[in-house]
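J.: Construct the complete structure from the given sequences, taking the supplied hints into account.
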Amino acid sequence: MAGIRGDTSVPTAEELRRQVTRTCKELGRTVTALASKAEQSAAFNKQVAQVTDRLRDTAAQVGHQLGQLVDETDLDSVRGKAGRAVNAARSNRTALLTAAGVLAVLFVRRTRRARRATQSPGGGGA
1 MAGIRGDTSV PTAEELRRQV TRTCKELGRT VTALASKAEQ SAAFNKQVAQ VTDRLRDTAA
61 QVGHQLGQLV DETDLDSVRG KAGRAVNAAR SNRTALLTAA GVLAVLFVRR TRRARRATQS
121 PGGGGA
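The sequence shown begins at 1 in our numbering and counts up by one.
Just so you know, the hints here were simulated from the structure itself, not pulled from any lab data. Cβ coordinates follow ideal geometry from the N, Cα and C atoms, glycine included. It is possible that some hints are incorrect.
[To be verified] Listed next, with one range per pair, are the computed distances between beta-carbon atoms: (1) 45 <-> 95: 58 to 64 angstroms; (2) 78 <-> 98: 50 to 56 angstroms; (3) 79 <-> 40: 43 to 49 angstroms; (4) 18 <-> 49: 45 to 51 angstroms; (5) 78 <-> 119: 45 to 51 angstroms; (6) 24 <-> 55: 28 to 34 angstroms; (7) 37 <-> 59: 29 to 35 angstroms; (8) 43 <-> 23: 28 to 34 angstroms; (9) 95 <-> 59: 50 to 56 angstroms; (10) 97 <-> 64: 29 to 35 angstroms; (11) 40 <-> 18: 45 to 51 angstroms.
T.: So this is what it looks like as structure tokens:
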């Protein structure tokens with residue numbers, strides 16, 4: 001085309017029309033792509049706002065329900081049960097520590113077996 005590739009001649013009217021037509025088509029595609037992105041962004045923002053509203057409503061409902069639960073709960077009864085549990089644990093300290101030790105040993109054995117099973121080529125355990 002004249003004028004674009006270093007040609008010093010003046011482009012003809014037909015060449016100018018083709019350039020304008022091509023540029024308009026490219027501009028149309030660009031505008032369409034930008035409009036599509038804007039629509040997607042607007043839809044995403046709308047969804048975020050909806051989720052945020054739902055979360056706020058849910059949080060308010062949970063807070064209200066917790067408030068009712070606390071109002072309905074007899075705190076003296078809860079304190080009494082907690083105190084009895086602490087006293088039972090203190091009076092049976094040896095049994096409690098023995099049970100905790102056994103659970104720890106079982107946990108360690110299970111962890112080591114699982115680790116060996118993943119490391120062995122056959123995948124079999126001990």
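J.: Looking at the structure, which of the earlier hints fail to hold?
T.: 2, 3, 6, 9, 10, 11
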